[in-house]
Structure formats: structure tokens, C-alpha cells
Amino acid sequence: MHGSHADFLARIQLGLGFFYLLLAAMNWVAALLLWRDGPKPYFKLGGITVTNVFAWLIVGGLFLIVAPFAMMGSPPEFSESVKHVINELSGPVTLTVGSLVAMAFLFVFRGWWTKPPIAWLLLNFSLLAMGLAVTDANFFEIVGKPDNVPIVGLVYLLGFFTWLATYKAVINDDRMAQGLPPIEKTEDEKVLVWPDLVYTEMICMVAMTALMLVWALALQAPLEEPASSVKTPNPSKAPWYFLGLQEMLVYYDPWYAGVVLPSIVVFGLMAIPFLDFNKAGNGYYTISQRKFSYIVFQIGFFELWIVLIILGTFLRGPNWNFFGPFEYWDAHKVLAQNNVDLSQYFWGGMLGQGMPKAPAGSGPGMEFLYILWRESPGIILTLAYLVLLPPILAATVFRGFFAKMGLIRFMIMSNLLLLMISLPLKMVLRWTVNLKYIISIPEYFLNF
Amino acid sequence: MSIGETIRNSQIWKSVFRHPMPLDRRNRIVVMLTNFFLHLHPVSVKKQGIALSYTWCMGGVTFFLFLVETLTGVLLMFYYRPTLEWAYKDIQDLRDVVSLGVFRELHRWGAHAMVITTWLHMYRVFLTGSYKPPREFNWVVGVILLLLTLLLSFTGYLLPWDQLAIWAITVGSNMARATPFLGHEGPGQQILHVGGIDMITNASDARFALLGARFVGEETLNRFYVLHCVAIPLAVALLLAIHFWRVRKDGGISGPL
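Top line first, the protein sequences correspond to chains A and B. Quick note: the first sequence, position 421, residue 421 per my numbering, numbers continuous. Quick note: the second sequence, position 2, residue 2 per my numbering, numbers continuous.
Be aware that a few hints might be false.
Calculated Cβ distances over 10 Å to all of chain A for the following chain B residues [unchecked claim]:
(1) Met77
(2) Arg177
(3) Ile197
(4) Leu239
Computed far set for chain B versus chain A, every beta-carbon distance over 12 Å [stated by the list, open to error]:
(5) Thr6
(6) Asn9
(7) Ser10
(8) Val30
(9) Ala113
(10) Arg223
(11) Ala235
(12) Leu240
(13) Ile242
(14) Lys249
Label pairs and their calculated CB-CB ranges [unchecked claim]:
(15) His193/B - Gly361/A: 17 to 27 Å
(16) Asp250/B - Pro356/A: 52 to 62 Å
(17) His193/B - Leu211/A: 32 to 42 Å
(18) Glu189/A - Arg18/B: 24 to 34 Å
(19) Asp250/B - Gly348/A: 36 to 46 Å
(20) Lys291/A - Val74/B: 39 to 49 Å
(21) Ala241/B - Ala403/A: 36 to 46 Å
(22) Val43/B - Ser126/A: 38 to 48 Å
These aren't lab readings, by the way, just hints derived from the structure by calculation. No residue lacks a Cβ here, since even glycine has one placed at the ideal position from N, Cα and C.
Extracted from the complex, chain B is given alone in its bound form (with noise of 0.2 Å):
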């Protein structure tokens, strides 16, 4: 009995994997409804859908690069400090000191890659008229998850903490302070007002809410952080929870029906 079938017959793999190796029909279509991740699919797909040509596999890359993102962001975070003393130096000792220095570009290389595959995702979907019913709403969920996707990189962006973080994420930021009705320059603030006070100013308005403070600092960071990091990552994991489900409850993948 050669080694990898007495592992294979151990209890301790028998216990993880409930059948013999997908090697026929039968088992290759236990092991897609016994196994966690891979029940994730259907036993069976139409050969055309899954056609690299057609699909393009861009909504897979797209997931598959968030994968990516997570892992070496939480590489990151075991370095990094989101305070104004160490974000920008935890940032160069990641580059310069840091074995294995290369997450940090993984994860801005990944970053960049992620809003380019959810666009090409999306321009194939429309192509092929897949957003058509009975898919309605899961192309609904889809741009909540590209409106998600692109506030993910915009709150990364601040991290570094350097010159072209912080300017950018000012020039991104000062269009709240426009918002109708919310932002202490935008039309309509007037309306809100108590007793003749102001009840949206630079420091109770949209852009204030956002910043955690009346320009960028410490607090921004702190926020942006914690945005980047937790909250939404956390919207985006549930969003392609429903995203997936509903691929395969709303007739499958892409196909003429």
C-alpha cells in the first residue's frame, strides 16, 4: 500500500473528505455537494457558459484578488499603525526594513488590479445582457459592490500617510462639503437652522462626519482605518455572499435562457 492511499484510508481523511478521490462521475459530483467551498457551484455548468472567451472569468478574478487584498492586508496591519507618529514610518519600514517587503505592493497593485476587474466584470455582464431578467437584482448588488469596491481603495489611500495620500483623499473629501441640504457649502444649508444658528457648519456637516474632524488628520486616519480595515470589508463580504447565492438561484451563470 503505497503512503498516499494509507493516508487516504486513515480515519483522520476519511473524517475530511467523506468519499473516495473525484476520479468518476459519481464522486466528482459528491465532492461538489459534500465540500464547504466548492458547493459554492452547481454539479454541472453548460460548457459554453464557462467559456473563457465568453465569461472573460473577471468576476472570479475580482473575488479572487479581494482574497488577496484581505490576506496581506491583514499582513499589513500587523506593522501598521494608523497614528500620525507611525502610519508614514510603519509605511517606509515596511518597504525598506520588513523581510519579505513585497505586500505592501501586492496589496496597491491588488488594490488597482480589483477596481479594474469589477469595471471589465461589469462591461462584460452588460455585453452579454446578462443584468436582463431574472437578474435584475444582482446587478444591483453588483454596483452597491463596485460603489464598495472603489470607497475600499479611497479609504486605503490615506494609509501611507504621505503627500499623495492626504491630498488626494482633500480633494476627494472637500466635495462633501458641497452636499445639498448637509454640507456647510452647499446649497441649501441655510434651510437648516435653529434660532437663527446654523445647524450645518464645518464642523457638523458631511464632510466633518466623514473626516472626523475640520481638515484631514489624526482622526481621518483613524476613521479611514477602521473603514478600510472592518467596516467595509465586512459590507462587501456579506454583499458577495447574496451576490454568489443569487448567481445561482437567478438561473445560473451567464447563458442564453
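Next comes chain A alone, as it looks inside the complex (with noise of 0.2 Å):
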């Protein structure tokens, strides 16, 4: 973008090469550790047995080959077309569409992408497509921004704990398939606080020390110009962690998705417990055993949540357009954008006549009753999404939830469950039909 392409590649040529030395360790430590376990065969290549040992040694030797090439300017990069395509594919649409797919397969071959070396080679397939991405310098200016830093780290700690926890719950399952005890109830040993635990708590904190000092000396806090009240930003974000928020504004008004819908994910997150009536899986880690409500919060955690953030974070730009990973933020991309209430669909396009008016002259209360009117498609399709969907689904597929939970935990359940799939579901009708508002009420500030 500015300066040429080598300036940049030679800005980032020394700590691009490090990081590729780190793959380069990372995968030889790991070696040396399945070593000191005793090498096991992976797979036989042409009449070679294949060990594991050999086979990260190997990965490791070729990320210590692309180390010198990235250090000295001239690293792996992807071509302009793959760009192209991932700039194309990360639309909005591919991208929550394309997570809950990612997700869904997770879930169901989660059995196989927790194997340990399938992981790890996730994890370098992860590493190296940042190592070939950061060469891009539109992608480095977003993603190597200060404040943006931690979010990459989120998403490696969130891959690697839901790894560890994945694993852990598909032996405890396979475990429990076969009459046995989740390995958590096998132990019942106890030990003594000290000095078990509060050694390893010191030595938690002596990490953490550490990490958070390097991480201070190494990354300067970000300090822009003095505040200014008359120079706006463009685009100007919210910290971070609230950018889900923020991308929700694009779908809904300020008054929903800024202050009614934070409050209900709290009160949510509160009912949790109350709502949880299965009373399996207290204390161990399991997946078969409370599928209903794994799955319900790993979309609200990560579809709702940690992918709106990096949406918000890495793929909004100025006028809080979308703007795929490798692509410039021009502040004049113009994008046509003519989004129609259903209202208006409802009088115009279906029915071919005006929106319904009070007459001149009328009073408040007769200007009430005609707005109710024009908007009464959008307020009975609402009211029947949220009142007459929970008895509905009670008398079918939750049959058997509405007898355990009673009348008043079922409604709260059902009622939140609909609220949380609403915000994809408006997310899907502005896409694909230019929705902008269920119910719009501007004259009291009610759109929804």
C-alpha cells in the first residue's frame, strides 16, 4: 500500500523469521518428546514405515528451510488469486454461515480432529497459513495493531482449550459407552494443599509474570493523537470484546442491540443453571451425556460471540464496511445498500397499495392506532415468534423438556432460545432479501 512491497517484506523479514524457527522448534520438541516415549509408526510411504518421531522431525526441517528465505525478505507467500478467493470467501455471509458448518462438522467428527496428531497438524496448518498471510501488509496493519494482538492470542487459547476439552470429553464418553466411570471419578485421592497446590499456584504466577513482562516490553500500549470531539475516526470501533455488540448494531437499533440485548445474554447467562435440568455431567468433562446445552452455548460462545468479534475486529473497516483479510480499507468503497422494512413489503409489494396514513388532523391516539396497523404484520409475525412458537414447540420437539422443566422454566428456556437464534435469523434476511426492519415504529423509536 505505501512504500513497496520488498520495504514492508524487509520490516517484517526478522521477526518472520523467528516465528518460523519457533514452528521449526515447536515441532522438533515435540519430537523429541514422542521419542522419549518410544517412536510409534504413523504410516508406511513406499515401503518405509513412517514413525512419528521422523514425521514432525521432518515438518520441523522444512519450517527451519523457510526460516532464512522469510529472514532475509523473500518468504512464502500466497499469490494474489488464493487472496482473492479468501478476500471473495470472507463475506459475512460465508463466514457465520461457514463457521456454524465448521462448527457442526467439529462437532460430529469430534472423535477424529482430537487425535493428537491430527491436532498438531491443524495446529501447523493454522501457524503456517498466518506465517504466508502476515506477508500481506493490509492484513499485518490490522491484525498486528496493538489492541488487535490479544484477540489472535484469544483465538489460539480458545482452539487449544476446546482441543484439550474436546479430548478429554470423547475419552470420557467412550469411557462411559462402555460402563465405565469418566476418568474424573477414577481418582479419589486426595493430597495436601500444601505443598501440592499452592506450589503450583506459584509457579502459575511466576508464568505469568514472566509472560506478562515480555508481553509489555515487546508490545508498546497503543497511544493515538490528543482526543479530538470534532475529528472522527473512520471507522471508529468500540474496545474489542464489545465489537459483537457493535456488528449487532447493523441488524438491529441501538435500543435492542445496545442495551436490551447485552442485558438479556447477562440474564441468560445467569438462568443458566436454573434452566440446566440434566444432572449429568457435574464435574467431569462430557459431551454425550448434556449434548442440548453444549451445543446451545458453544453457538452463543462462539458464533455469537467470539465470531462477531473478529468480524467486527479484522473484517469491518471504514463506514463499517466489509472488507475481506487481504484487502485495502478504502474509505470510499461504496456499497448500494437499499434495505426495505417489512412493512413496506407487506402494503407495496404485496398488497400494491400505500402505507396506511392517519388521516390530517387526527389525534395522537388515532395516529397510535393507524401506526399499529401499518406495522401489524411485523407485530403479529413477532408476537408469534415469541408467544405462539414456545406451546408449539413444548407439544413437539421439546416434549419431553416442558414435562421435566414446568411451565415457568420452559417459557424463560424457549423464550431466551428464540431471542438467541433471532440475531442469525435477521442476520440471514438482511442478506439474502435486504430486511432492514421487522417492525418499524421511527415515530417512537421502536424499530426492531
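Make the complex out of the two chains shown on their own, each in a separate frame, by following the hints.
Written out as C-alpha cells, the structure is:
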């Protein structure tokens, strides 16, 4: 963008070179640990048995070969056509729908990808992709922003811990399928807190202190120009942990996205222990014993929180327009947006007549009635969604739930669930049929 | 007699630590019961419950980061003045002039890390089903602590008084004017009026209460400073005490019941 590409590569070559060295070291340490436990054959290639130790030695060796090239300013890069495809693929639609599909895939095949060699391979792939991607100046500028670095860390930490938890859950589920107790129940040995726990805590504290110091010394905290209430930056973004909510502002008005929805999220989180009547899975990792609560939580946490934060941080540029990860944030990018309210669809599109309007000179009460009449399609639809669906669900798919939960708990659970689903629903409606508001009453600031 | 032994046999040492070194079983139990800080823990725990791969230690790390934030925050307060004239300059000086000028970095990255570790802690608690009875109430306390952690980070975001700060807070607090009934652009605000005069205007609504003014300005800076340095940390400290106490009272650290 600014300056030549070679200048940019020269700027990052040292860091990138060390990054590839780190990848080499990571794989070799893994090989060393595996060798200590005794090598095991992975697969046969042309009559030669490849052991686990050998495989990761080779992978580490490949990174070691790449490292000097990266350090001399000619690292491997994504080709322009690959970047173009990634840009096209990472639109909001493919990002959200794609991540949902990916989550479903990971859920179904959790026995496969949690196997340590597969997980390790996936980690290598993701880190390699990161190494390839940062050679793009546009990508580096956004991901390398000091305040965005924690999000990259968060993504990898979540990946690691999700792997760990799923790995343990798969083992426990297999055991319980055979009638054995989960691993956590097999050991009931007790140890003294001094020394077993206090020493662990101290090591954790020392490690965290070291980590924080390295982070603080390596990366300076951002300080931009002095505050000016007349110079509005474009884009203006909330702190990164609220960007999921800011993304919701695209689809909902502030009263909902900024006030009511966060309150519902907090209320819903607090309600979890009182809604989850399943007694199994208390104190050990399991998925198959609590599939429903697991799936709901994972969709809420990953799809509706983490993915939206990533979208809001890395892919939303000037004017809150969408930009691919390798795209330049052009403030003049213009996107035609012609969003239509449901009432406009209904009165104009379907019935082919004008919007109902109170006759001139009528009082506020009359005007109010006309507004209700105008927005009746949306109001009826919303009420049906929130009031009629729960009893239908109780009588059909959630019959067992309803019997166990009772009326009040079931109504709260189903309404929280429906409100949660309404987020992606509204997003899809916006992208597919340009739906703006289901209920549009700007007269009372009440758009939904 | 070695120096160490002399010290440990002195009256001063014995007045602080009322028993011999925790080297045998008896004294390892006694140390947990007689030390103020250690008595947060029980004497013994399930070995499985403290395995790192099971518990991830994220709650502990979050608490540690809270302590780091308190310590570095106090040091930053020695230099920082929350006024339009000085706020930005003081942060600049913290970066360029103050010796060991790494405390702002520690404080800011610690704040980010604390948000992340809080989420990871909740994630682990969920995945092990540790919110289930008898720990429902402690999960609720945890959700409030999550909210307060985010608010701590949010209020601190304004204090450097740079472009990043005021616009992030402007974007964040603009929501408040759309609060139903209590925001001047929120649904239902027309209902609250007396004798034809609106009660909820841009100088009396929820956003005004948050900012102390119609726009993010000096009043906001002072308000956020007080919230960030005094009000919210006190609330967090109280809730942390309850959170830890209830861990002990509700069946101890996570593990199969």
C-alpha cells in the first residue's frame, strides 16, 4: 500500500524468520518428547514405515528451511489469486454460515480431529497460514495493531482449550459407553494443599509475571493523537470485547443491540444453572451426556460472540463496510444498500397500495392506532414467534423438556433460545432479502 | 546454629509464624489453618481437581491479573491526573519519561488478558458442568464479576484521553441514549412527561448519567476515573470474596460430586 512490497517484507523479515524458527523448534520438541516415550509408526510410504518422531522431525525441518528465506526478505506468500479467493469467501454470509458448518463438522467428527497427531497437524497448518498471511501489508496492518494482538492470542487459546476439553470429553464418553466411570471419577486420592497446590499456584504466578513482562516489553501500549471531539475516526470502534455487539448494530437499533440484548445475554448466562435440569456431567468433561446444553452454549459463545468479535475487529473497515482480510481499507468504498422494512414489503409489494396513514388532523390516539395497523404484519409475526412458538415447541420437539421443566422455566428457556436464534435469523434476512426492520416505528424510536 | 535457624527461633519470627516450617504432615496442615492468606484454601484437595489439564487454572490467573492490575494501577495513579489538561500528557510522560515506564503496558495488556482469562475460566466451568447444583449461585456471582471485569476495562479505556479512547467510549455510550424509557432516543421515552414537558432529554437521560454531560468530556473523564479506580474495584473485591468463599461452601473446587 504505502511503499513497496519489498520494503514491507524487510520490515517484518526478522520477526517472521524467528516465527518460522519457532515453528521448527515446536515440532522438534514434540518429536523429542515422542521419541522419549518410544517412537510409534504412523503410516507406510513406499515400503518405509514413517514413525511419529520422524514425521514431526521432517515438518520441523521444512520450517527450518523456510526460516532463512523469510529472514532474508523472501518468505513464502499467498499468491494474489489465493488472496482474492479468500477475500471473496470471507464475506459476512460465508463467514457466519461457514463457521456454523465448520462447528457442526467439528462436533460430528470430534473423535477424529481431537486425536493428537491430527490436532497437531491442524495447529501447524493454522500457524503456517498465519505466516503466509502476514506477508500481506493490509493483513498485517490490522492483525498487528497492538490492541488486536490479544484477539489473535484469544483465538489460539480458545482453539487449544477447546481441543483439550473435547479430547477429554471424547475419552470420557467412550469410557461411559462401555459402562466405565469418567476418568475424573476414577481417582479420589486427596493431597495436601501445601505443597501440592500452593507450589502450582506459585509456578503459575511466576510464569504469568514472566509472560506479562515479555508482552509489555515487546509491545508498546497504543497511544494515538490527543482526543479531539471534531475529528471522528473512520471506522470508530468500541473496545474489542464489545465488537460483537457493535456488529449487531448493523441489524438492530441501538435500544435493542446496545441495551436490551446485552441485558438478555447477562440474564441468560445467569439463568443457565436454573434452566439446565440435566444432572449428568457435573464435574467432568462430557459431551454426549449433555448434548443440548453443550450445543447451545457453543453456538452462543463461538458463533454469536467470538466470530462476531473477529468479524467486527478484522473485517469491518471504514463506514463499517466489510473488507476481506487482504483488502485495503478504502474509505471511499461504496456499497449500494437498499434495505426495506417488512411493512413496506407487505403494503407496497404484496398488496400494491400505499402505507396506511392517519388522516390529517387526527389526534395522537388515532395516529397510534394507524401506526399499529401499518406495522401489524411485523407485530403479529414477532408475537407469533415469541408467544405461539414456545407452546408448539413444548407439544412437539421439546415435549420431554416441558414435562421436566414446568411452565415458567420452559417459557424462559424457549424465549431465550428464540431470541438467540433471532440474531442469525435477522442477519440472514438482511443479506438475502435486504430486510431492514420487522417492526418499524421511527415515531417512537421503536424499530425491531 | 545457622543464621536461618537463628531467625526461625527468634521471638519476632515466631510471633508471625506460630509453628515450625511446613516440612512434615502435621505442620503442612497447621500452616493452612494459621495463615490468613492460605486459609482461603482447605487443608487438602482432590488430586484430580487440581490437575492443570482439568482445571486450566484460569480462575486463579484471573485473580492474579486482578492483583497485577491493582498494583500497576496504583503506580499509574501516582502520575496520572484525570483532567483535560493533563491526562494525555501524563500518559505520554509515563511512556517517555518515567523510569521503568513499562507499567502502563503491564496495566493495559493485563486488562486485555484478564478479559480473556475470565472467558476461559467460564468456558471451563461450563464444559465441566461445574455450575450445576450446588454451585448455581456462585455461577451467578461469576457472571456479575464478568460484567464488572468488562466495565473495568471499558472505563479504563477512556483514561489515556487519546482518539482511540474517546471514540471507543463515544461509540459504546451512544447506546445509552437509546435505553428504553430512560434514553432520550429510546422507545417509550415520550411516556415520561409531566404537563407536556419531557422528563427524558439529552440532559437528563441514561447517557447523561453515564457521561456526566451531553458529550464525552471532562466530566466523563472524572466519572470514569472514579468508577475505574474506586467504585468498580471495590465491588469486584467484595464479589471476589463471596466467590471464593462460596467455592469452599458449595462443595470445594470442581470435580465429580
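Quick rundown of the hints versus the structure:
1. Met77: At roughly 16 Å from the nearest Cβ of chain A, Met77/B sits farther out than 10 Å, so the non-interface label holds.
2. Arg177: With a cut-off of 10 Å, Arg177/B comes too close to chain A, as the shortest Cβ separation is near 8 Å.
3. Ile197: holds, 16 Å
4. Leu239: holds, 13 Å
5. Thr6: holds, 24 Å
6. Asn9: Consistent with the label, Asn9/B stays out of reach of chain A, its closest Cβ about 22 Å off (over 12 Å).
7. Ser10: holds, 23 Å
8. Val30: violated, 10 Å
9. Ala113: Its Cβ does come within 12 Å of chain A, the nearest being 7 Å, so this is violated.
10. Arg223: The claim holds: Arg223/B sits with its nearest Cβ about 15 Å from chain A, beyond 12 Å.
11. Ala235: holds, 15 Å
12. Leu240: At roughly 16 Å from the nearest Cβ of chain A, Leu240/B sits farther out than 12 Å, so the non-interface label holds.
13. Ile242: Ile242/B clear of chain A: closest Cβ-Cβ about 15 Å, beyond 12 Å.
14. Lys249: For Lys249/B, whose nearest Cβ neighbour in chain A is about 16 Å away, the distance exceeds 12 Å, so it holds.
15. His193/B - Gly361/A: 17 to 27 Å: Given about 23 Å between the Cβ atoms, the range holds.
16. Asp250/B - Pro356/A: 52 to 62 Å: holds, 57 Å
17. His193/B - Leu211/A: 32 to 42 Å: violated, 55 Å
18. Glu189/A - Arg18/B: 24 to 34 Å: Taking Cβ atoms as reference, Glu189/A and Arg18/B lie about 30 Å apart, which means the hint holds.
19. Asp250/B - Gly348/A: 36 to 46 Å: violated, 58 Å
20. Lys291/A - Val74/B: 39 to 49 Å: holds, 47 Å
21. Ala241/B - Ala403/A: 36 to 46 Å: Once the Cβ atoms are compared, 40 Å apart, the range 36 to 46 Å for Ala403/A and Ala241/B holds.
22. Val43/B - Ser126/A: 38 to 48 Å: holds, 44 Å
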